[in-house]
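S.K.: Here the protein sequences come in this chain order: S and V. Just so you know, we're using our numbering here: the first sequence kicks off at 204 and counts up by one. Just so you know, we're using our numbering here: the second sequence kicks off at 110 and counts up by one.
Worth double-checking, as some hints may not be accurate.
Said to hold, decoys possible - Below are the PhoX-like pairs computed for lysine-lysine, each with C-alpha atoms no more than 25 angstroms apart in a straight line: (1) S:Lys783 to S:Lys572; (2) V:Lys608 to V:Lys597; (3) S:Lys782 to S:Lys572; (4) V:Lys569 to S:Lys227; (5) S:Lys227 to V:Lys575; (6) V:Lys579 to S:Lys227; (7) S:Lys364 to V:Lys608; (8) S:Lys227 to V:Lys495; (9) S:Lys364 to V:Lys597.
To be verified - Residues from chain S shown here face chain V by an in silico Cβ test under 10 angstroms; the list is partial: (10) Val205; (11) Trp209; (12) Arg738; (13) Asp824.
These are computed hints drawn from the structure, not numbers from a lab. From the three backbone atoms N, C-alpha and C, an ideal C-beta is built for every residue, glycine too.
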Amino acid sequence: MVGLVWLIPALPLAGFLVLVFFGKRIGEPRAGWIGTGAVALSFVTACIVFVGLWGEPDHTYQLSLFEWIPAGRFSVDIGFLLDPLSMAMVLFVTGIASLIHLYSTGYMHGDSRFPLFFTYLNLFVFSMLVLVLGDNLVLTFLGWEGVGACSYFLIAFWFEKDENASAGKKAFITNRVGDWGFMVAIFMTFFAFGTVTYSEFLPMAPGLAQTTATFIAFMLFVGAIGKSAQIPLFVWLPDAMAGPTPVSALIHAATMVTAGVYLLVRVNPIIAASASWIPWTIAIVGCATAFLAATIALAQQDIKKVLAYSTVSQLGYMFLAVGVGGYTAAIFHMITHAFFKALLFLGAGSVIHGMHDEQDMRRMGALRKIMPVTAVTFIIGWLAIAGVPPFSGFWSKDDILAYALNKSPILYVIGLITALLTAFYMSRLVFRVFYGDARWGESAEGELANLKAHTAMNAGTGVDAVTGTDTGTGTGTDTDVLVDTHEDEGTGLSSVHPHESKWPMLVPLVVLAFFAAIAGFLNLPFTDQLQFLNRWLEPVVGENEAHFEMGGVKLTVELLISTVVAFSGIFAAYFVYLKKKIDPRRIELPFFANGWYIDQSITAFMGGVGRKGFELIAMFDKVVIDGAVNGVGRATRGGAARLRTVENGYVRWYALMIGVGAVLMVAFVLTQVSF
Amino acid sequence: MSVSILSSVLAAAGSPSFPILASLVFVPLVGAILIALMPKSRPELSRQMAIITALLTGVLSIALLVQFKTGEAGFQFVVQQTWVESLDIKFFLGVDGISLFLVVLTGILFPIALFAAKPDHSPKGYYAWLTLLMAGCMGAFLALDLFLFFLMFEITLVPLYMLIGKWGHGRRIYAATKFFLYTMLGSAFMLVSIVTLAVLAGAGDNGGVSFDFTKIIATDNLATTTGRWLFLGMAIAFAVKVPSFPFHTWLPDAHTEAPTAGSIDLAGILLKLGTYGFLRYGLELFPEATVWFAPVMLTLATIGVVYGGIVAAMQRNLKRLVAYSSVAHMGFALMGIFALNVEGIEGSVMQMVNHGITTGALFILLGFLYSRRHTYEISELKGIAKVAPVFAGVFTLVMLASIGVPGLNGFVGEFLVLLGTFASNRWWAVVATTGVIIAALYLLWAYQRVFQGEPDEANKSFPDLKISEKLVMLPLVGLIIFLGVYPKPVLDRIEPSVKRVVTRLEVKVEGFREPVTRDGADLLFKAGSSHGLNEEHSLRSNPNGTGANQ
């Protein structure tokens, strides 16, 4: 059974190949079914393989298909390493991907490039599976780049709009900065070990000199922060929300962005062998990212932007977990996060769909009555991410916090504050979207005020008729900017009639909600027997995991604190957004809304100094280097004035000269021939 | 008709006595002469003749590939015919793993270039020059006689000069002249080196003059300083040809003004004459000088990788952009050679082949674009992906290959080059790896401006690829994927010859040991100390070959 592992990535690849060649002819909806079917079959295969893996020694199975790049002493295979870690990854990746494919058949309905969407999606799943199953660093890198390329395609899926195209490009290039680190790490790994195959070099890692291990670990970390959107390379992820919402759910929440965490967990023996500042750096960067992104999420108005920053923040938790030696906790949180964040994104997609491509929360509200299934499932996701017991996020976040406390109380406290912020901003989102007054079709408060002022002013000057048309076109373009170039566009302000989505979109929501609720039971902290995930991952990470006693009292206190924190966040949001006791503007500071001005600063730097530098170099090429060449040419020909006369008829003159030369040469050779 | 001819040729080429290498040179040569003799009034005849010639040569090169013995390091299919006895000049051809795929690339790319584009006027001359160019390239890659190599190397200049000057666009005269004079000047240095070498090192029967490559490398009587000077002479010619920073500025001009077929062959094949020259006539003829000059060459290569990418990003003309990207990509090929280890050099040969394929494909696509819009200016183009999805899709694939995304061909060569260079000169590799970021930057940025967005009026009716155009792209796209997924057959054939070269370097150069990895055995590990490592592997005056323990 376990020998079928190659089928897991092969099925989405087959789906991709069918769709790339015949997708257009197959058309909607069958292209969607093929794509969904391929991934669903892959999930079924993964389950079968999972059963088979129980029978393998150490729950590990390796399969090498063929030698990929052999050169000198270097050699890598196209081969798969199936161990508890990759198995866990494969199961949740294929499972969630199947659901999101199904969802997409509904969400992408009517899009002119419907088949292409599933083509990319299948290619993505294939790449992601290669990433986690690859038995060596280079094959992992292949998957790593493959998911990056698919992410690029899918962010820019509606490439007619320039900002979507820019967002895709930004994602790819930012990721490439990380890839630089990944590649250097591969070179160093090969240099040190003579191999890049996990099962060969990881066992040797404990003997590695500390500086070498540090170098490799640091470079892999650079790669990981690119893919997993950590400080300072997180700026691409919020922009990546330009892609269709299922893409945000699958790629930019559940799977691809966790690849960096996976990589670090995979090479945990290298991290263990490196200098102590490496895990500290990982933990601090993770913790800082978690906190920073949470503050930014507080002040976003776009429902997807809130979720995007929330993803960055949750990925920060996972990095924190890796840094403090809680590898299982990192994977645990990765899995629960995959469930609840995919759920939240799909729920948001359902809302956006139902609201006719409205993403601004200022124009939502009271949707729970109209979209009951979406609302209930979304609320489950909210409770999970907010850390309310017994939903899944509570257990996994608490697991991480326990490890953080073991390492440093400061990390623990910042983690707790972030948890409070998380509960707060997620409650804000839920209250503003599903509760409160219906503000559908209203323009946002600020804009409304502006409009009024505008009208009043114009009215004052006494051009009523003109004013009417003015405001009309003004709001018209406003909606145009906000809606995607999606099939069923919002048709105007007054005609917003939210509706509940159809079953292909609701089924995934219900399934994901179920798992978001119960996934915590994978790893309950009370007894060793209940820590299924811990025991399952033991062969991969057990040796290098931080070990500490978690007594009954301490555990109870910690769980209590976490619970209190979660509820405080929720109640705070309740007072601000439902009871309206406090003006939200005192919390949603512009500093947060603008993401601490980090993105702007980087963009300004790149567009300013960076661009200037590039231009200078290009100028240098033109003036100095090429100028020198032309200068030499000019000098030999005695000035520019004569050059022009020489250039006339140059071709013929030269042809003649060449011809004469050639004839002379051949003649010479012929006289010497001695055949 | 032509199919039956081709199949009978294939059968004949299979017989052991068939002089396949000579026919690789003479078939296009004779073809060129025949085309030149054809009446001007029947242009279609010259086209057919050119296509038949190119296809025949292509089939012969495939036959060569099939018959090539994989495990052998030395030259195969050798033919020798004395030519100028007094100077020991021979018509001497042979192929090994290093030249094999360049020959095959020539055999594949030329017919494709013929199908990809037609001349706008005077077809007869165009086809004659193009076919002559093919003969020159084949001869240069196969020659084992220095005089013959020089002759072939020079012969390639004339057709390309004519192609750019007569069938090019815009400032074609300026570009053609610049190209011709620049490379000619470089060749002058090479000629001096070659003649000196023939006189100094020659052990021929006639008064110690010999141009025979095998004889020259067998004798070993070059003084160190002389060797270095002669290497420098050769290096100038090859550095111009590659082109390596700072000798590269002829390339963007030549590409911009060249007709499509000229660009394809220039980027795809002619540039490889430079890197191939370094490998065959630098590394093999002057081992000591190669090791001595390696840091300089590596530095130029690294600058080329980064600098070429940066300048490419700032270009407003697509052809100039691809030309500068060639500077960057050929920088990788140059870098691998001077890594001086098997991984690096194998990667370099692989990179030459891959660059030929991807850049050839890019220029073909740009040719299609030009035939529709009559411009290469990025600012004139917009939103093409919406109206021509297949064109955009193929372009995307080729672009990703060029960026070096693993799974496609471009990755394999670049990766091996950097891997090899990392083992010998770590920090050069670390800097050059930033080239992968820059490559993504300039290509994706150009892609966005040309293909994405809403198409404006001028680009609204951009027709998608025709069947014939798809057929032209098919072999290249196939190779891009095949070589990315399964480069093993290619690498297996390259490797023995590369090992031969590197081993020879170790034998000839005192104190030189191939810079290699630790193989998990020794000194990067705690048990050992870092000092032993540094002594053992400080190969040359190289401040950066130190171990990680520092």
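S.K.: I'd like to know which numbered hints this structure contradicts. Please list them from smallest to largest.
M.R.: Failing hints, ascending: 7, 9, 10, 11 and 12.
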